[in-house]
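*Asks:* What follows is the residue order along each chain.
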Amino acid sequence: MKINTKYHGVMEIAQEEVWYFVNGIPGFLNEKKFILLPLEDNPLFQILQSTETTDLAFVLTNPFYFEKDYDFKVDPGTLDQISLKNEKDVAVMVIVTVKDPFEKSTANLQAPIIFNLANQQAKQMILTQTEYNTKQYIFKKLPASKG
Amino acid sequence: MLVLTRKNGESIKIGEEIEITVVGIKGDQVKIGINAPKHIEVHRKEIYLEIGQENEEASTGIANLLNILPKTEK
Chain E
1 MKINTKYHGV MEIAQEEVWY FVNGIPGFLN EKKFILLPLE DNPLFQILQS TETTDLAFVL
61 TNPFYFEKDY DFKVDPGTLD QISLKNEKDV AVMVIVTVKD PFEKSTANLQ APIIFNLANQ
121 QAKQMILTQT EYNTKQYIFK KLPASKG
Chain S
1001 MLVLTRKNGE SIKIGEEIEI TVVGIKGDQV KIGINAPKHI EVHRKEIYLE IGQENEEAST
1061 GIANLLNILP KTEK
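Chains as they are written, first to last, in our numbering: chain E, 1 to 147; chain S, 1001 to 1074.
This is chain E alone, in the form it adopts within the complex:
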């Protein structure tokens, strides 16, 4: 199917590439279908694009690029909601709030996005009892980044 995207123009995507956020994500509860798009020449970031709302796209990064000891436990509710049964099926990304200049950008480590690679289901999980917050500066910690 064809979708309009915020940063990649019109794209042809396959049904099996779609990620299903069964409960939407906080702030956008009706947005349940997204696609992950790479950024050309920039492997540090990906775009999480709504398949239904052209203008809705998030910048994602791998938290372990800049927070090597990032650690949390996926709660039983989340495991259940996305039917995650095997540890090897899990992928974790975090949303970056990009600012200009990039030095002011932050990542939301308090609410990582958990992907179940086995069934294309995903969820933004809110950590409880955590030291991580929604606005963690990342610039200085990214690997070999040029400002």
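Keep in mind that the hints were calculated from the coordinates and are not lab data. Among these hints, one or two may not hold up.
To be verified - Mimicking DSS-like on lysine-lysine, the simulated pairs with C-alpha atoms at most 27 Å apart in a straight line are: (1) E/LYS99 <-> E/LYS6; (2) S/LYS1071 <-> S/LYS1038; (3) S/LYS1071 <-> E/LYS68; (4) E/LYS85 <-> E/LYS104; (5) E/LYS88 <-> S/LYS1038; (6) E/LYS140 <-> S/LYS1071; (7) S/LYS1045 <-> S/LYS1071; (8) S/LYS1038 <-> E/LYS32; (9) E/LYS85 <-> E/LYS141; (10) E/LYS73 <-> E/LYS33; (11) E/LYS32 <-> S/LYS1045; (12) E/LYS33 <-> S/LYS1031; (13) S/LYS1071 <-> E/LYS104; (14) E/LYS73 <-> S/LYS1071; (15) S/LYS1031 <-> E/LYS73; (16) E/LYS135 <-> S/LYS1045; (17) E/LYS140 <-> E/LYS85; (18) E/LYS73 <-> E/LYS88; (19) E/LYS85 <-> S/LYS1031; (20) E/LYS135 <-> S/LYS1071; (21) S/LYS1026 <-> S/LYS1045; (22) E/LYS135 <-> E/LYS33; (23) S/LYS1045 <-> S/LYS1013; (24) E/LYS6 <-> S/LYS1026; (25) E/LYS73 <-> E/LYS85; (26) E/LYS99 <-> E/LYS32; (27) E/LYS73 <-> S/LYS1026; (28) E/LYS33 <-> S/LYS1038; (29) E/LYS140 <-> E/LYS99; (30) E/LYS141 <-> S/LYS1071; (31) S/LYS1013 <-> E/LYS99.
Note that the structure is a prediction, hence the values are computed from the model and not measured.
For this one, chain E is given, so just place chain S on it according to the hints.
*Replies:* Okay, now just chain S, sitting in the frame of chain E:
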């Protein structure tokens, strides 16, 4: 809003599956225990709202996004 008065140790049932118990009262703080099925998410309201706000901020477009993001050295 339905308002109920409860004492320490007393509970409220919401439907069949949700039970809320007052487990402690100290000064102006009330400690609440919640038993709910796994598909019901329970969060402190201000944290839930903060995550939503951060998502909205993160989704706000930046015109030249692709020029702002740092690139990895090759």
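*Asks:* Starting from S/LYS1026, check that the Cα of S/LYS1045 is at most 27 Å away, please.
*Replies:* Holds: S/LYS1026 and S/LYS1045 sit about 21 Å apart, inside 27 Å.
*Asks:* Just to be careful, I want the Cα atoms of S/LYS1045 and S/LYS1071 compared with a cutoff of 27 Å; is the pair within it?
*Replies:* 37 Å, violated
*Asks:* Between S/LYS1071 and S/LYS1038, does the CA-CA distance stay at or below 27 Å?
*Replies:* Given pair S/LYS1071, S/LYS1038 is violated - Cα atoms ~41 Å apart, limit 27 Å.
*Asks:* Can you confirm whether the C-alpha distance between E/LYS73 and E/LYS88 stays at or below 27 Å?
*Replies:* Holds, at roughly 14 Å.
*Asks:* Given the hinted pair S/LYS1045 and S/LYS1013, is their alpha-carbon gap at most 27 Å?
*Replies:* 20 Å, holds
*Asks:* Could you grab the alpha-carbon distance between E/LYS141 and S/LYS1071 and see if it respects the 27 Å cut-off?
*Replies:* Answer holds: E/LYS141 to S/LYS1071 is near 13 Å, not above 27 Å.
*Asks:* If you draw a straight line from the CA of E/LYS135 to the CA of S/LYS1045, is it 27 Å or shorter?
*Replies:* Holds - the C-alpha atoms of S/LYS1045 and E/LYS135 are around 18 Å apart, at most 27 Å.
*Asks:* Given the proposed pairing of E/LYS73 with E/LYS85, does the C-alpha separation stay at or below 27 Å?
*Replies:* 14 Å, holds
*Asks:* For the pair supplied as a hint, E/LYS85 and E/LYS104, is the alpha-carbon distance within the 27 Å limit?
*Replies:* Answer violated: E/LYS85 to E/LYS104 is near 37 Å, above 27 Å.
*Asks:* Given the hinted pair S/LYS1038 and E/LYS32, is their Cα-Cα distance within 27 Å?
*Replies:* Given that 27 Å is the threshold and the Cα spacing comes to 20 Å, the pair holds.
*Asks:* Hey, E/LYS73 versus S/LYS1026, does the alpha-carbon distance stay inside 27 Å?
*Replies:* Measuring from Cα to Cα gives roughly 30 Å; hence the hint is violated.
*Asks:* Checking one constraint from the list: CA of S/LYS1071 to CA of E/LYS104, max 27 Å. Satisfied?
*Replies:* 16 Å, holds
In the structure shown, a violation is registered for the earlier hints numbered 2, 4, 7, 9, 12, 14, 17, 19, 24, 27 and 31, in ascending order.
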